[in-house]
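Here are the chains, one letter per residue:
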Amino acid sequence: MATPMLRWCCPGRRWIFAGIGGGSRHGRGVPTGSTSSGKKGQSSVAQQPLITAQKPRKGEREWAAVVGLEIHAQIASNSKLFSGSQVDFAAPPNSLVSFFDASLPGTLPVLNRRCVEAAVMTGLALDCHINRKSLFDRKHYFYADLPAGYQITQQRLPIAVNGSLAYSVCVGKRWSQMVTRTVGVKQIQLEQDSGKSLHDNLRSQTLIDLNRAGVGLLEVVLEPDMSCGEEAAAAVRELQLILQALGTSQANMAEGQLRVDANISVHHPGEPLGVRTEVKNLNSARFLAKAIDYEIQRQISELENGGKILNETRSFDYKLGCTVPMRDKEGKQDYRFMPEPNLPPLLLYDSGSLPTGADPQQVIDIDQLRERLPELPRVTREKLVRQYGMLPEHSFALLNEVGLLEFFQNVIKETRAEPKKVTSWVLNTFLGFLKQQNLAVSESPVTPSALAELLDLLDRKAISSSAAKQVFEELWRSKGKTPAQMVAEKKLELMQDAEALEQLCRSMLEAHPQVVTDVKKGNPRAINKLIGLVRRATLGRADPTVIKEVLERQLSS
Amino acid sequence: MLGRTLREVSAALKQGQVSPTELCQRCLSLIKKTKFLNAYITVSEEVALKQAEESEKRYKKGLSLGDLDGIPVAVKDNFSTAGIETTCASNMLKGYVPPYNATVVQKLLDQGALLMGKTNLDEFAMGSGSTDGIFGPVKNPWSYSKQYREKRKQKSHGENEDSDWLITGGSSGGSAAAVSAFTCFAALGSDTGGSTRNPAAHCGVVGLKPSYGLVSRHGLIPLVNSMDVPGILTRCVDDAAIVLGILAGHDPKDSTTIQDPVKPFTLPSLTDVSKLCIGIPKEYLTPELSSEVRSLWSKAANLFESEGAKVIEVSLPHTSYSIVCYHVLCTSEVASNMARFDGLEYGHRCDTDVSTEAMYAATRREGFNDVVRERILSGNFFLLKENYENYFVKAQKVRRLIARDFVNVFNSGVDVLLTPTTLSEAVPHTEFIREDNRTRSAQDDIFTQAVNMAGLPAVSVPMALSSQRLPIGLQFIGRAFCDQQLLTVAKWFEKRVQFPVIQLQELMDDCSSIFENEKLASVSLK
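Line order of the protein sequences matches chains E and Z.
Residue 502 in UniProt numbering is what sits at position 502 of the first sequence, and the numbering runs on without skipping anything.
Residue 265 in UniProt numbering is what sits at position 265 of the second sequence, and the numbering runs on without skipping anything.
Keep in mind that the hints are not guaranteed to be accurate.
[To be verified] Below, in silico cross-link-like pairs of lysine to any residue (SDA-like), each with a Cα-Cα straight-line distance of 25 Å or less:
hint: 1; chain 1: E; residue 1: K196; chain 2: Z; residue 2: L289
hint: 2; chain 1: Z; residue 1: K495; chain 2: Z; residue 2: G245
hint: 3; chain 1: E; residue 1: K139; chain 2: Z; residue 2: K495
hint: 4; chain 1: Z; residue 1: K253; chain 2: E; residue 2: K490
hint: 5; chain 1: Z; residue 1: K253; chain 2: E; residue 2: R132
hint: 6; chain 1: Z; residue 1: K385; chain 2: E; residue 2: K490
hint: 7; chain 1: E; residue 1: K461; chain 2: E; residue 2: E443
hint: 8; chain 1: Z; residue 1: K94; chain 2: E; residue 2: K490
hint: 9; chain 1: E; residue 1: K139; chain 2: Z; residue 2: G245
Please keep in mind that the hints were generated in silico from the structure rather than gathered at the bench.
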């Protein structure tokens, strides 16, 4: 039987449980030599060792890599951060643009309460200190999709600071060796998204879509506490799950709701940190891990060959699998930060500091939001492990897929089968079918009730497990029929008539005297042939263990 | 009828002595007659007549919307007006028609006011003369007053009177001239460093800068967001109070407006000033102050004192640093605010299509005048990472000290400060342009911009005519959000000084000749 993890080998997902090379077990952020020697850019992330430093040759010193992340998560809100325009990923270009979004002169920003709440909730979920007073700033640069010529952000005093994010990675070759690591959350700031530029090189023109301009973003800055692409990807994945659980962001990387910039440097342990580069706009978890690991290797090779690392911005070329300098970001930008004069300081309150008689529409109470926090993924997983005796990696797997946990819980509710059995069926068979056909849980043709019923049949030994697989396949193909109907139609129920089985076994022994002799001579495998013959004769409806019992009894009598 | 105050004409409308349409037509015809003043950039004749028609219907039904129903008003051309071109007197916004009304404009229209047009200014309100816009300078109506002309006749003979016209001050010179020349009963200006009070003083009208946060800035094309306030220009203090009562209050579209509800108010007529304490800031007695203004200032102080008010000398010790800090903060915000004018979404766009960057550069070079470009350049310099602490942050700190100076004075028991508004009376244009815009602004804002740094309300009230028979105004500064108290004092003062009405009758009768003479002069200016 395949391990559940092998079912997740679709691109973009496998990284979360990818194995870690021996080295990094010794300590976070200080990778030592690796025993593996994957060539850069060639191997897939899962195969590539987590350890990013090259094996030191004799007399050479080790390298350590330092990775920090800036993550932009689009806030799930009906309207934009500072205007009443709707937020919708799929709307026709420039159909969701208010006068403010187009920066018409004289328009002013008005802060969206929902976005502030999302930032506070995210801050609380990441154990941040929530600043009772935060400020907005203007960050200036000219770009066609930035209509005002500046972005409103929180550079000086962000809404939340000093948090932490715990995530898990696998160490060793076995999936089950998971360790929890922690990365510091430096700050969370509210800021505006830019519009989108579409470059039409053929006609040498740039088309601008301002639908996204002004959508609220949470910029989550993760401290450089990570040491490789694997860790970074796992941390991002955990953040993604937290945001989704909170409902503060849909955090769909493919739709650009979660974008990651990585700061990367290498140095010799014990020496000052090296010059860092920034790899921008990593829009998938797989490319994130790949880009970081590539960049670490590139820096090491560069330095070992006597080169220098430039403090530059690079982008990841996913076709070539390497990072390249970004041309338009070559010059050093001075963003000329300045306080945003049109927004007063953002003040937040707790139940102790709430001004008496304040209009609840005008104030935000942090304690009230804390009470409203939903269960976080870490807690959900711990509960699953405790409640169902599940392996930790299984709990990860259940949360990894949207809707899978709910599906699992619904099956559990309706079946008498063991939770372990349910877990295995949901993570192997069910998820495997989904992956094969690239379906979401919500698109599954098999309902939780149907699977529950099937598992019940299996549980009371009405069908064999191979018959159960067959029924499942049938259920997947033809909607609307119950498992019981399938079993009846295909005559898949196990033989319950003991007398009939006895007779069938007896006649089988009589028909194959040579095999009987073999068994009696002491060839233990010979009986398997008899079992197979009986099973075939029952059209697979008899339990092999029962057949074996009967045969053995008859042979010894 | 046109010479009346807003309150008087409002009463006349209510009594049916005049109809809104009649009033509107008279103003329109006067606007045409005084076109040479260059007070208006756009005259919205059709809009105004249509509004008048509707106002008239309301009056006939007895459903007047209030004091402003049927009253002709003008709006500075840096307030967004839906469907009416809004240029900021800049090539950058020439032809730009906003799709929305500024909140203050909307409030006036909601009250039934008639929008006569958009008034002239310095480009993007950067200036103190109303001389530096693309539509040419605004001329001070007092240049053509009987009072001034007769005085000049006595002095000089044979000189071309009309070429030596006076500036209005600025940057809301168009609005001040429009009110002063009776083409409307109230006008909106904007006040960032004195832009409403300065031209009010030069044109002999009342210029009110309300407390920062009392009146919405939504739709006002910003100069310095943290100092801009919509200003009110009227012919008397009561009128300013009426307009303020309509404009004041929280605007959900401007987060810097106060949340507390503002009640409409009428100014009481103060009879007793004995409980009043007037502060005279000693730092405002500068060597550049003209002797005439200085003597009027002390005369005003004496007037209060003789009527029983307590008049004391006070100190605002950081005054001398104010102008330079204003320069740093103003240019920094200007650099930021002007970044949006890139030719993409609206406004001027050059023909260059080499690259986006080349397009930006050419658009901004063509769109902005030297004054604007110079401020953008210095502002960006101050905001550079290496300069930010030394300039911007320091200026902000000093700004706080300046604001604290005022708080200290008011906490010591002073109710209202009395200062000059300008150094002198209005000067002829030929003299004004001898200095560059920056020097002029620094000089002319000297008594006014500290108030913007502190966010306080202030009003310039015309006091008397100079020996040249030109208006001189004095400034009252009040406590934050005590605009009503400030105006009450100003009203008392206004009643005592009995400032003479501008005599433009001759001009009205004889405007055609002036018109022809002036035509060439204005064409030669850009």
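Now for the hints, and whether the structure bears them out:
1. Between K196 (chain E) and L289 (chain Z) the CA atoms are separated by roughly 55 Å; this puts the pair beyond 25 Å, and the hint is violated.
2. Restraint check for K495 (chain Z) and G245 (chain Z): satisfied, since their Cα atoms lie roughly 21 Å apart, inside the 25 Å limit.
3. Annotation: proposed proximity of K139 (chain E) to K495 (chain Z) is violated, straight-line Cα distance about 51 Å (limit 25 Å).
4. This hinted pair does not check out: K253 (chain Z) and K490 (chain E) have alpha carbons roughly 69 Å apart, beyond 25 Å.
5. A distance of roughly 24 Å separates the Cα atoms of K253 (chain Z) and R132 (chain E); the hinted pair therefore holds under the 25 Å criterion.
6. With a CA separation close to 77 Å, the supplied pair K385 (chain Z) and K490 (chain E) exceeds the 25 Å bound.
7. For the proposed pair K461 (chain E) and E443 (chain E), the alpha carbon gap of about 30 Å is over 25 Å, so the pair is violated.
8. Note on K94 (chain Z) and K490 (chain E): the hinted pairing is violated, with a Cα-Cα distance of about 81 Å set against a maximum of 25 Å.
9. The suggested pairing of K139 (chain E) with G245 (chain Z) is violated, with an alpha-carbon distance near 37 Å, which exceeds 25 Å.
The structure fails hints 1, 3, 4, 6, 7, 8, 9 (numbered hints given earlier, in ascending order).
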